[in-house]
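J.: Residue strings, one per chain:
Protein chains: 2
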Amino acid sequence: MKISERELVESLRDYFDLHGEKISEWMRAKFIEKFFGTKPHPFVTALQHPTRATLLGYVVEHQHFLRQWVKSCAYIVAKTDMVDATLYELDNINTEFVGYGSEGPSHYELLLRMGESLGLDRTTILETPPLSDTSIAIKTWDQIARDSHWVETMAAMHGLELIADRTLVSEGAKATYFDPSILRKESNEVTDATKNFLREGYEADAGHSKEALDLVDKYSSRFSNTENVQATFARSIDLFQNYLMARLERAEQFTE
Amino acid sequence: MKISERELVESLRDYFDLHGEKISEWMRAKFIEKFFGTKPHPFVTALQHPTRATLLGYVVEHQHFLRQWVKSCAYIVAKTDMVDATLYELDNINTEFVGYGSEGPSHYELLLRMGESLGLDRTTILETPPLSDTSIAIKTWDQIARDSHWVETMAAMHGLELIADRTLVSEGAKATYFDPSILRKESNEVTDATKNFLREGYEADAGHSKEALDLVDKYSSRFSNTENVQATFARSIDLFQNYLMARLERAEQFTE
Numbered sequence: 001m002k003i004s005e006r007e008l009v010e011s012l013r014d015y016f017d018l019h020g021e022k023i024s025e026w027m028r029a030k031f032i033e034k035f036f037g038t039k040p041h042p043f044v045t046a047l048q049h050p051t052r053a054t055l056l057g058y059v060v061e062h063q064h065f066l067r068q069w070v071k072s073c074a075y076i077v078a079k080t081d082m083v084d085a086t087l088y089e090l091d092n093i094n095t096e097f098v099g100y101g102s103e104g105p106s107h108y109e110l111l112l113r114m115g116e117s118l119g120l121d122r123t124t125i126l127e128t129p130p131l132s133d134t135s136i137a138i139k140t141w142d143q144i145a146r147d148s149h150w151v152e153t154m155a156a157m158h159g160l161e162l163i164a165d166r167t168l169v170s171e172g173a174k175a176t177y178f179d180p181s182i183l184r185k186e187s188n189e190v191t192d193a194t195k196n197f198l199r200e201g202y203e204a205d206a207g208h209s210k211e212a213l214d215l216v217d218k219y220s221s222r223f224s225n226t227e228n229v230q231a232t233f234a235r236s237i238d239l240f241q242n243y244l245m246a247r248l249e250r251a252e253q254f255t256e
Numbered sequence: 001m002k003i004s005e006r007e008l009v010e011s012l013r014d015y016f017d018l019h020g021e022k023i024s025e026w027m028r029a030k031f032i033e034k035f036f037g038t039k040p041h042p043f044v045t046a047l048q049h050p051t052r053a054t055l056l057g058y059v060v061e062h063q064h065f066l067r068q069w070v071k072s073c074a075y076i077v078a079k080t081d082m083v084d085a086t087l088y089e090l091d092n093i094n095t096e097f098v099g100y101g102s103e104g105p106s107h108y109e110l111l112l113r114m115g116e117s118l119g120l121d122r123t124t125i126l127e128t129p130p131l132s133d134t135s136i137a138i139k140t141w142d143q144i145a146r147d148s149h150w151v152e153t154m155a156a157m158h159g160l161e162l163i164a165d166r167t168l169v170s171e172g173a174k175a176t177y178f179d180p181s182i183l184r185k186e187s188n189e190v191t192d193a194t195k196n197f198l199r200e201g202y203e204a205d206a207g208h209s210k211e212a213l214d215l216v217d218k219y220s221s222r223f224s225n226t227e228n229v230q231a232t233f234a235r236s237i238d239l240f241q242n243y244l245m246a247r248l249e250r251a252e253q254f255t256e
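Chains as they are written, first to last, in this note's numbering: chain V, 1 to 256; chain R, 1 to 256.
A few of these clues could be false.
[Stated by the list, open to error] Here are the simulated DSSO-like pairs of lysine-lysine, each with C-alpha atoms no more than 30 Å apart in a straight line:
{"#": "1", "chain 1": "R", "residue 1": "Lys210", "chain 2": "R", "residue 2": "Lys30"}
{"#": "2", "chain 1": "V", "residue 1": "Lys139", "chain 2": "R", "residue 2": "Lys139"}
{"#": "3", "chain 1": "R", "residue 1": "Lys195", "chain 2": "R", "residue 2": "Lys218"}
{"#": "4", "chain 1": "R", "residue 1": "Lys30", "chain 2": "R", "residue 2": "Lys139"}
{"#": "5", "chain 1": "R", "residue 1": "Lys218", "chain 2": "R", "residue 2": "Lys174"}
{"#": "6", "chain 1": "R", "residue 1": "Lys218", "chain 2": "V", "residue 2": "Lys218"}
{"#": "7", "chain 1": "V", "residue 1": "Lys34", "chain 2": "V", "residue 2": "Lys2"}
{"#": "8", "chain 1": "R", "residue 1": "Lys218", "chain 2": "V", "residue 2": "Lys139"}
{"#": "9", "chain 1": "V", "residue 1": "Lys218", "chain 2": "V", "residue 2": "Lys22"}
Read the hints as simulated data drawn from the structure, not as lab findings.
One chain only, chain V, in its complex shape (with noise of 0.2 Å):
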């Protein structure tokens, strides 16, 4: 398809257009069209009841997201001066990567322990490098959370955790992330473990990226930053898509 310079500005400003809202609630929107419209993103399909190769594909390619993960929030820590975006970074790598000891292991404890459940050692997990279109992904968050404002991190990481927000159907999301059914305590569709790391990111995440994304819209505004920060968040959601496809990539593998 071939469009002229003019139909491509117009298509720009459409989809950069706030309409007066919060830049919080494009994001929302924006996510939604790519993750949760009536065609949901292909590993969203595979999630709602998964199999075993899908979540192993998951666990396998999803390592290496959470250690970047660690990283690019990191930057943010490094690089503001905002004491309540220092704290929240703080206490998301806590939970993402350190955990509280015996209150509770880390969210990347729950995806190895998830792994093994599913048969898969932990030597196996972690000596396993990612796929080309993690590694890409990987790569360019790095670079984002290096080279950009931190504001702009802030909105390229926090906004994906989007994926695991229940809210966004009352705003026109067509899926959650996972058939919420298969949590259940009678469910035996998946292990325990599985239940265990997919209900931390259902139960944490709504409210987590949330509070986040307000940070997002406090600062934006603050340091009048907002293009740049939408123009990094759709990269950023762009990567995720491809990201996704390699984890169904990897399930291949799995496949009987």
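Given the coordinates of chain V, assemble chain R onto it according to the supplied hints.
T.: What follows is chain R alone, placed relative to chain V:
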């Protein structure tokens, strides 16, 4: 004093010569030379039995140091791919700035409480901008963390924790950071909040800085960047020397 080029080269070679020892041993020796020689740094002398003014000078300047500390260490987390370094730095940032809930306030919080116990309210402390020497040092530490290899940043930052390392005495230090008798329960020389702040460093930093310097030994050797690490550490202790003078300069303001 005018020295020839040859003398300069020889003196530099002397300064950086590891004499076959680990880089951490060289760092310890250089630190002792600069801060704990026969004529200890004036702030160390003042802290042996500190006046209220000395402690308030400490509080007001050090709040800025600790904010930068978090940022510098976050750069290490952002840049390293080594899990032991990541976990070490996150634990360190949590102790310094986040705290462990009911288990214990952060080092930053203990500092502010020390200031309050000496009659300076928190708002005044937080609103006081740093003195010029503090400000220059902080900007340079930020630049080091942003632009240098993470192992250099580790040496630059955690090398400074040697200030509270009591074990340096067995390696030739002529003084400790303060006279430990002021921490005694029966002593009324300093407030309880002051004891709590100083004790934290006194008890933690010996082992804490050792763990960091072990990582510096390990990774400076693995990345073959020993000379850069040495140069950055040397620069950092120069900055620290000036920064400690700024604490004394600030103390003058509180001298009755």
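J.: All hints are to be evaluated individually against the structure, with a verdict given for each.
T.: Evaluation of the provided hints:
1. R/Lys210 - R/Lys30: With a Cα-Cα distance of about 15 Å, the restraint between R/Lys210 and R/Lys30 holds, given a limit of 30 Å.
2. V/Lys139 - R/Lys139: It holds: about 28 Å lies between the C-alpha atoms, which stays within 30 Å.
3. R/Lys195 - R/Lys218: 35 Å, violated
4. R/Lys30 - R/Lys139: At roughly 23 Å apart (the allowed maximum being 30 Å), R/Lys139 and R/Lys30 satisfy the hint.
5. R/Lys218 - R/Lys174: 29 Å, holds
6. R/Lys218 - V/Lys218: 42 Å, violated
7. V/Lys34 - V/Lys2: Given pair V/Lys34, V/Lys2 holds - Cα atoms ~22 Å apart, limit 30 Å.
8. R/Lys218 - V/Lys139: 26 Å, holds
9. V/Lys218 - V/Lys22: This hinted pair holds, its Cα atoms lying about 10 Å apart.
Hints 3, 6, counting from the list given before, are not met by this structure.
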